[in-house]
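If you read the protein sequences in the order shown, they are chains A and B. So in numbering that gives the first Met the number 0, spot 51 of the first sequence is number 50, and the numbers just go up one at a time. So in numbering that gives the first Met the number 0, spot 136 of the second sequence is number 135, and the numbers just go up one at a time.
For the record, the hints were derived by calculation from the structure and aren't laboratory data. Don't take each hint at face value.
The list that follows gives simulated cross-link-like pairs (lysine to aspartate or glutamate, DMTMM-like), each with its CA atoms no further than 25 Å apart [unchecked claim]:
(1) LYS48(A) x ASP95(B)
(2) LYS301(B) x GLU325(B)
(3) LYS94(B) x ASP186(B)
(4) LYS321(B) x ASP335(B)
(5) LYS284(B) x GLU42(A)
(6) LYS183(B) x GLU213(B)
(7) LYS321(B) x ASP217(B)
(8) LYS321(B) x ASP186(B)
(9) LYS94(B) x GLU189(B)
(10) LYS301(B) x GLU42(A)
(11) LYS48(A) x GLU26(B)
(12) LYS46(B) x GLU42(A)
(13) LYS301(B) x ASP42(B)
(14) LYS321(B) x GLU213(B)
(15) LYS48(A) x ASP42(B)
(16) LYS48(A) x GLU96(B)
(17) LYS183(B) x ASP42(B)
(18) LYS183(B) x ASP138(B)
(19) LYS331(B) x GLU213(B)
(20) LYS48(A) x GLU325(B)
(21) LYS48(A) x GLU330(B)
(22) LYS321(B) x GLU189(B)
(23) LYS331(B) x ASP217(B)
(24) LYS321(B) x ASP95(B)
(25) LYS46(B) x GLU26(B)
Okay, the calculated bits of chain B under chain A, using three or more residues with CB under 8 Å as the criterion [claimed, not checked]:
(26) 73-85
(27) 298-309
Some chain B residues flagged as far from chain A (calculated, every beta-carbon gap over 10 Å) [stated by the list, open to error]:
(28) LEU44
(29) VAL167
(30) GLN273
(31) VAL288
(32) LYS317
(33) VAL319
All residues carry an ideal CB built from backbone N, CA and C; glycine is no exception.
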Amino acid sequence: MTPLAGDSRAGGQNHDRITHDAPLPLPNVLPETGGGGAGELVETTAFQKMLSATSGSLLTTLLGMCLQKSSGVVSGRDLLTPFPSDTTRCCASPLAIPAGYANWPRFPKASGRLSETGLYGAECVSTPESGGHGVLPRGLFHE
Amino acid sequence: MNNNAEYCVAGTRIEGIGVPPAGGAAECAVEQTQQRTFNSTLDGLRKIARNEGFTTLWRGLSPTLVMAVPANIIYFTGYEWLRFNSRSPIARTFKDEYAPLVAGVSARILAATAVGPIELFRTRLQASHGESAAGHVQDTFRGIRDMVGAHGYRSLWRGLTLTLWRDVPFSGMYWWGYENIRGKLTDIRERHRGRSFEADVSRGRARRRSQSRENHTDTLLDSFTAGALSGALASIATTPFDVGKTRTQVYMDSAKGSVAGGGKAAAAAAAEEQNMVRLLWHILKTEGVPGLFRGWIPRTLKVAPACAIMISSYEVGKKVFKGINERALQEKTGLDSGRDS
């Protein structure tokens with residue numbers, strides 16, 4: 000018999016469990032998933048749960064990075080005056096880096112290209128523990 | 000395009016390398032400006048992908064994944080165990096109404112504490128200087144080693160308090176809201192099918208049993224909706240803590256420079272040095288309620304979809320694996336019964 004009301008401790012991973020010795024709380028309910036055999040147990044293992052969490056995390060991070068990078072570049076587009084290495088492509092005099100942004104964090108492969116100005120939105124904030132330098136403009140603070 | 004040439008090719012390709020023709024300099028400058036001018040997020044995505052390569056959109060992904068993936072694994076699986084496992088002290092102590100809140104808070108504390116040093120490493124790596132990737136990593140490790148030597152191992156968790164101030168209330172509210180909203184959606188679905196749960200305390204078990212029998216589409220829709228709504232509400236409610244965290248971080252960053260003398264600036268600077276509660280009280284007194292909820296719209300627009308995607312992926316993933324396990328069990332049972340006969 001199913002434990003009576005009041006026993007709220009039962010549950011947990013058991014909510015994935017189908018036990019045929021327990022009466023269904025819902026009349027006229029047929030199991031939608033196949034499961035024959037007395038006493039069979041169907042569980043999701045801890046490793047499978049980790050894989051599920053990993054896939055969700057990857058998907059969320061990939062989508063988030065893509066959108067944050069683009070929105071971060073759009074937010075800071077007024078500050079995207081070309082860095083010297085870009086302006087020498089076709090201009091005689093390199094433009095100065097805007098004051099206050101000379102020490103923005105740059106990624107290892109920085110080569111003056113747009114996506115490496117550090118404007119990755121939330122990913123590039125220099126927090127106190129980083130010993131970071133420079134403060135990003137509003138709208139780009141780390142979440 | 001993906002033009003990696005060092006010089007802008009304004010003229011013919013034969014003249015591409017070297018100083019471009021004078022007349023082409025202006026056209027070249029126009030082209031460069033157009034490439035850097037983004038009119039919208041989609042326009043930015045398109046131009047970055049076209050000019051610098053599609054994979055550029057995910058540059059910097061590695062350090063983010065190193066932190067985000069373990070954090071979410073610990074967070075979600077930790078919540079599952081704390082909430083539902085019969086051996087969990089929370090499942091044994093708290094009723095179904097409060098267990099999600101307590102389990103969410105506990106799971107978040109565990110996850111944040113576990114990945115605190117990784118986040119510190121990632122942030123320093125992004126801020127480091129070096130000529131190569133290996134140089135950045137070495138520089139970062141050296142900096143962390145020096146910091147630990149000067150301040151002890153506790154410095155590896157610097158900034159954790161601020162993070163917990165924001166994330167712990169969020170997690171508690173989020174999971175409490177998620178389970179309630181998903182339960183309500185399950186009730187609606189069951190009523191739509193002409194069924195109803197018995198009105199007793201085991202409603203939680205009945206809901207979970209019904210959810211375990213849902214198909215993949217229903218699971219995806221219900222978990223996505225519940226995750227989005229709960230994430231949005233929790234995000235709005237915890238915006239003041241996010242404002243306090245951000246202001247404290249900005250203040251600590253800029254405090255290295257000179258402090259403007261006197262009056263309001265000094266008072267504001269002093270507020271950021273206090274604890275979170277006093278800082279929020281200061282913001283409320285000086286800027287009112289709007290000051291506490293500044294930036295709630297973009298934060299909610301970011302957090303709600305992220306929560307929805309994460310929880311729905313997790314729930315659908317579990318259901319897929321459950322189906323695989325059931326089929327494997329059926330095959331095993333069929334083989335066993337065939338062998339016995």
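We went through each hint and held it up to the structure:
1. For the hint linking LYS48(A) to ASP95(B), the alpha-carbon distance of about 22 Å falls within 25 Å, and the restraint holds.
2. For the suggested pair LYS301(B) and GLU325(B), the alpha carbons sit about 37 Å apart, so the restraint of at most 25 Å is broken.
3. Pair hint LYS94(B) plus ASP186(B) holds up; C-alpha atoms about 20 Å apart against a cutoff of 25 Å.
4. The straight-line distance between the Cα atoms of LYS321(B) and ASP335(B) is roughly 21 Å, inside the 25 Å bound, and the hint therefore holds.
5. Taking the CA atoms of LYS284(B) and GLU42(A), the gap is about 53 Å. The hint is violated against a cut of 25 Å.
6. Under the criterion of a C-alpha separation no larger than 25 Å, the hint pairing LYS183(B) with GLU213(B) is consistent with the structure, at around 14 Å.
7. Annotation: proposed proximity of LYS321(B) to ASP217(B) holds, straight-line Cα distance about 15 Å (limit 25 Å).
8. Distance check on the hinted pair: LYS321(B) and ASP186(B) sit about 22 Å apart at the alpha-carbon level, within 25 Å; holds.
9. Restraint check for LYS94(B) and GLU189(B): satisfied, since their Cα atoms lie roughly 23 Å apart, inside the 25 Å limit.
10. Annotation: proposed proximity of LYS301(B) to GLU42(A) is violated, straight-line Cα distance about 33 Å (limit 25 Å).
11. Straight-line distance between C-alpha atoms of LYS48(A) and GLU26(B) comes to about 56 Å, which puts the hinted pair past the 25 Å bound.
12. Among the hinted pairs, LYS46(B) with GLU42(A) is inconsistent with the structure: their alpha-carbon atoms are about 47 Å apart, more than 25 Å.
13. Between LYS301(B) and ASP42(B), the direct Cα distance comes to roughly 19 Å. Compliance with the 25 Å bound is thereby established for this hinted pair.
14. Between LYS321(B) and GLU213(B) the CA atoms are separated by roughly 12 Å; this keeps the pair inside 25 Å, and the hint holds.
15. With a C-alpha separation of about 38 Å, the suggested pairing of LYS48(A) with ASP42(B) is violated against the 25 Å cut-off.
16. Distance hint between LYS48(A) and GLU96(B) is fulfilled; the C-alpha atoms sit about 24 Å from each other, no more than 25 Å.
17. A hinted pair counts as satisfied when its Cα atoms are at most 25 Å apart, and LYS183(B) with ASP42(B) does not qualify at roughly 40 Å.
18. Restraint check for LYS183(B) and ASP138(B): not satisfied, since their Cα atoms lie roughly 52 Å apart, outside the 25 Å limit.
19. For a cut-off of 25 Å, the pair hint linking LYS331(B) to GLU213(B) stands: about 24 Å separates their Cα positions.
20. Distance hint between LYS48(A) and GLU325(B) is fulfilled; the C-alpha atoms sit about 16 Å from each other, no more than 25 Å.
21. With a C-alpha separation of about 22 Å, the suggested pairing of LYS48(A) with GLU330(B) holds against the 25 Å cut-off.
22. The straight-line distance between the Cα atoms of LYS321(B) and GLU189(B) is roughly 22 Å, inside the 25 Å bound, and the hint therefore holds.
23. A hinted pair counts as satisfied when its Cα atoms are at most 25 Å apart, and LYS331(B) with ASP217(B) does not qualify at roughly 28 Å.
24. Distance check on the hinted pair: LYS321(B) and ASP95(B) sit about 24 Å apart at the alpha-carbon level, within 25 Å; holds.
25. Pair hint LYS46(B) plus GLU26(B) holds up; C-alpha atoms about 18 Å apart against a cutoff of 25 Å.
26. For the stretch 73-85 of chain B, the assignment as covered by chain A holds, since 9 residues bring a beta-carbon within under 8 Å of that chain's beta-carbons and 3 suffice.
27. Remark: the stretch 298-309 of chain B is confirmed as covered by chain A, as 6 of its residues place a Cβ nearer than 8 Å to a Cβ of that chain, reaching the required three.
28. Not every CB of chain A lies more than 10 Å from the CB of LEU44(B), the least distance being 4 Å, so the non-interface label is violated.
29. For VAL167(B), the condition that its CB be more than 10 Å from all CB atoms of chain A holds, with the nearest at approximately 15 Å.
30. With 10 Å as the threshold on Cβ separation, the claim that GLN273(B) sits away from chain A holds: the shortest Cβ distance comes to roughly 16 Å.
31. Once the 10 Å rule is applied to beta carbons, VAL288(B) is consistent with being away from chain A; the minimum gap is 20 Å.
32. In this structure LYS317(B) is not separated from chain A by more than 10 Å, as the shortest Cβ-Cβ distance comes to only about 5 Å.
33. The Cβ of VAL319(B) sits about 8 Å from the closest Cβ of chain A, inside the 10 Å cut-off, so the non-interface label is violated.
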